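K.L.:
Listed below, chain by chain, are the residues.
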Amino acid sequence: MKDTTETDRAMSTQNDVKISAKGVQVYYDKNQAIKDVDVEIEGRTVTAFIGPSGCGKSTFLRCLNRMNDTISICRVEGDILIDGEDIYDPRVDPVQLRAKVGMVFQKPNPFPKSIYDNVAYGPKIHGLAKSKADLDDIVEKALRRGAIWDEVKDRLHAPGTGLSGGQQQRLCIARAVATEPEVLLMDEPCSALDPIATAQVEELIDELRSDYTVVIVTHSMQQAARVSQKTAFFHLGNLVEYGDTDKIFTNPEDPRTESYISGRIG
Amino acid sequence: MNTFLSLPNVLLAVIVLAIIGFVLGRGRARASVMGDLPKLHSRPIHHGWHVVLATAVPAILVLFFWSFLQGLVSNSILNANIDPSLPDLQIPEAQRALLSEETIVVREAAQRGLFAENVKTLAAALTGAGPSIDIATSDYEALANNLRDAGQVVSADITPGMLDAALDLQALQTRLSMIGPAIAMVLAVGGFFWAFGRIGAEFRARNVVERWIMGFLIFASTMAILTTVAILAAVTVPSLTFFSEYGFLNFLFGFDWSIAGDVVGQPEGENGEYASQLGFMPLLWGTLYISFVALIVAVPLGLMAAIYLSEFATARFRAWVKPALEILAGVPTIVYGLFALVTVGPFLQAVVGTTIMPNTVSVITAGTVMGMMLVPFVSSLSDDVINSVPQAMRDGSLGLGATKSETVTKVILPAALPGIVGAIVLAASRAIGETMIVVLAAGALSSVSGLEANPFGAVVTVTTRIVAVLQGESSGFDSIDTLAVFALAFTLFFITLGLNLLAQRIVAKYREQYD
Ligand SMILES: Nc1ncnc2c1ncn2[C@@H]1O[C@H](COP(=O)(O)OP(=O)(O)OP(=O)(O)O)[C@@H](O)[C@H]1O
Ligand SMILES: [Mg+2]
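Those sequence lines, one after another, are chains A and Z.
1 is the number of the first residue of the first sequence in our numbering; add one for each residue after it.
1 is the number of the first residue of the second sequence in our numbering; add one for each residue after it.
No lab work stands behind these hints: they were computed from the structure.
Predicted model, so just to flag it, every value in this text is computed and none were measured.
Check before you lean on any hint, since a few could be wrong.
[What the hints assert, rightly or not] Subject to a maximum C-alpha distance of 20 angstroms in a straight line, what follows is the list of computed PhoX-like cross-link-like pairs (lysine-lysine):
id, chain 1, residue 1, chain 2, residue 2
1, A, Lys22, A, Lys35
2, A, Lys132, Z, Lys410
3, A, Lys132, A, Lys153
4, A, Lys113, A, Lys124
5, Z, Lys404, A, Lys100
6, A, Lys100, A, Lys141
7, A, Lys113, Z, Lys509
8, A, Lys153, A, Lys113
9, A, Lys100, A, Lys124
10, Z, Lys404, A, Lys113
11, A, Lys113, A, Lys132
12, A, Lys141, A, Lys124
13, A, Lys141, A, Lys130
14, A, Lys124, Z, Lys404
15, A, Lys113, Z, Lys410
16, A, Lys141, A, Lys153
17, Z, Lys410, A, Lys124
Start from the sequences, fold in the hints, and give me the full structure.
P.N.:
Below, the structure written as structure tokens:
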């Protein structure tokens, strides 16, 4: 375990910056939810956002694929660059952005369609498949990546809503993966799951790291320590500390981080 | 004493007694624990209400039921007391000879019934005119005139037998009308003292009062159901008579509708058939045709309005348009009917020309206007189901890079579809039962045969025929046509009931998906 995290760290330092945020402020009407956040998220790395409830983790995560656009009272200031391109530039279409920056939500939210159609939804919309066989291929690959293929391969046309909570969440991950995003945002993906399903999803996240940039919000310190290489600690809308996960958990610089991870605030 | 025991007086007395009971009961409850209120199981106000209920409820129930029962009792006594040898009831010998045995029995029964009705009317007239009328006279014509001058109805020539019977009936009614109030008065006083005696620290008045309140609530909630049952019963009996008279299949699969006013049981047409042609098909056709046109107008418009309002409109636009649509839903249908008659009809005629559209009334006129009427109905029901699709579905779709319209067409509408279908079925059932618009805008042909295919032609519908026949379009109340109207209402009831049940099932099934 120790070995792998060390090689991970060695690897992660080599990675390029995928997402770069500078001076990000987010307001809900007059309430400021995010205060002047600067962060550089590396490619092919799992980055965890931790912090007490209401500190703005979800808000910041939703800035990264402009899902906050759907909330009319929400206002975002500052610069967020993905691959050096400003995603809040008027020329950027949030719809295209979201195809590149996928999202998995806290509560599993499969569409009331078949398992197959759930996964095929994104590829169909974005025209990723040239033929029916092609689409079948994409669906199978995505379900395999979602580590759920074996459980559903015999009932691809059964409704996705009929799966268990853990299966539904893995289906949602497969659905997000099927559009071939470069970044995958996950907002507490395991909060509705039991320990076994959580372990499966965590394993999956670890595998996804080889192809994707993953940002995960979690309330579980253990989970952050298990799956991430970088950790960002938010508190009252501020990014208090950001660095290698090992360092944050063993030797935090800020006293607030220290007290949070040792369970004194939150 | 006699004059005191009338219904309004006793009702007033019971209410006054109940109010006194409330005040005294509350006071006594306080006094029973010497003002140390926590010792009471129930609060003083509950004891007060308990006295009110015990005083008023049984008494008022008796008053209420007696006013029904009284009529039944006096009728049956009157019928039992009619002397068959009265000259009023005899059929002249000359006629008798010409009639068969059965007809004589029928005629005699009819004459008895008529006589009883006349007696009742006369008794009511005498009571209404009061004691100033001189009844000890043998000038019956003058008596009738006096009664008429006093503003009373006198339906037939007064005969000695009729006057005697009427006077007997009047006396009987006076006596009967006191029994109910007397019982009520006794119950009220008894209930008052009984409840008053039970007041004490231990007595659980609150529980009793709360049970009564619950009883009232249950009564209120079942009232509507009971009314439906009563309506159904009232419509079913004449409908069944009609089906056995005219033939169920003749009615259901008849393609002609024209009324001739034959009296029930006396067909006037050839081969012993009714001259009235009472086929359901052209009416059903007209109804469905118009409803179809209405749905073609209402469903797309309503659905698009709902989608726009729930998915795209800004909060401000929504705040304006939603209430406006709901006001539109509250416009009385007769106003829509007028709009169809004076605006839409002439406009359509001017557009398509008088060769295709000889009248301003037509399927299209009624259908489009009814469609307008249904737009807010469809949109507000669809809006509800669209809004009940969880936000997580939208987020999921948008998070995958779908546009808003892709999200609507590929995720939200399929998810909401069962609910929307339910809304459409409900709209259809409203269209089928709609009356005022079609009365004014679909045409008022009194006879049709076959099914009109031209959408610019006039049709008849189930509801317009019901209105026309009951307004006395050349038919009496004893005619087969009037009975047929009940059968129409009966069939209409079942069609709309079926549609509503269907809609309910669809909507319920849809709810299960998300809860
Ligand atoms: N849609 C919204 N409208 C208004 N205020 C919001 C909205 N969403 C979040 N907020 C506010 O923004 C702040 C940050 O919320 P956010 O959801 O980002 O917190 P979080 O860190 O994700 O919390 P949790 O761990 O409980 O999910 C909170 O104070 C919250 O009240
Ligand atoms: Mg959150």
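K.L.:
Against this structure, judge whether each hint is valid.
P.N.:
Evaluated hints:
Annotation: proposed proximity of A/Lys22 to A/Lys35 holds, straight-line Cα distance about 11 angstroms (limit 20 angstroms). Proximity of A/Lys132 to Z/Lys410 is assessed by CA-CA distance (about 19 angstroms); at most 20 angstroms being required, the pair is judged to hold. Proximity of A/Lys132 to A/Lys153 is assessed by CA-CA distance (about 17 angstroms); at most 20 angstroms being required, the pair is judged to hold. The suggested pairing of A/Lys113 with A/Lys124 holds, with an alpha-carbon distance near 14 angstroms, which does not exceed 20 angstroms.
Straight-line distance between C-alpha atoms of Z/Lys404 and A/Lys100 comes to about 17 angstroms, which keeps the hinted pair within the 20 angstroms bound. Distance check on the hinted pair: A/Lys100 and A/Lys141 sit about 18 angstroms apart at the alpha-carbon level, within 20 angstroms; holds. Restraint check: the Cα-Cα separation between A/Lys113 and Z/Lys509 comes to about 16 angstroms, which is no more than 20 angstroms; the hinted pair holds. Between A/Lys153 and A/Lys113 the CA atoms are separated by roughly 16 angstroms; this keeps the pair inside 20 angstroms, and the hint holds.
Proposed proximity of A/Lys100 and A/Lys124 is supported: the alpha carbons are some 15 angstroms apart, at most 20 angstroms. With a C-alpha separation of about 18 angstroms, the suggested pairing of Z/Lys404 with A/Lys113 holds against the 20 angstroms cut-off. A hinted pair counts as satisfied when its Cα atoms are at most 20 angstroms apart, and A/Lys113 with A/Lys132 qualifies at roughly 18 angstroms. Straight-line distance between C-alpha atoms of A/Lys141 and A/Lys124 comes to about 15 angstroms, which keeps the hinted pair within the 20 angstroms bound.
Between A/Lys141 and A/Lys130, the direct Cα distance comes to roughly 15 angstroms. Compliance with the 20 angstroms bound is thereby established for this hinted pair. For the hint linking A/Lys124 to Z/Lys404, the alpha-carbon distance of about 15 angstroms falls within 20 angstroms, and the restraint holds. This hinted pair checks out: A/Lys113 and Z/Lys410 have alpha carbons roughly 10 angstroms apart, not beyond 20 angstroms. Between A/Lys141 and A/Lys153 the alpha-carbon distance is near 11 angstroms, which keeps this suggested pair within the 20 angstroms criterion.
Between Z/Lys410 and A/Lys124 the CA atoms are separated by roughly 11 angstroms; this keeps the pair inside 20 angstroms, and the hint holds.
Violated hints are absent here; each numbered hint is respected by the structure.
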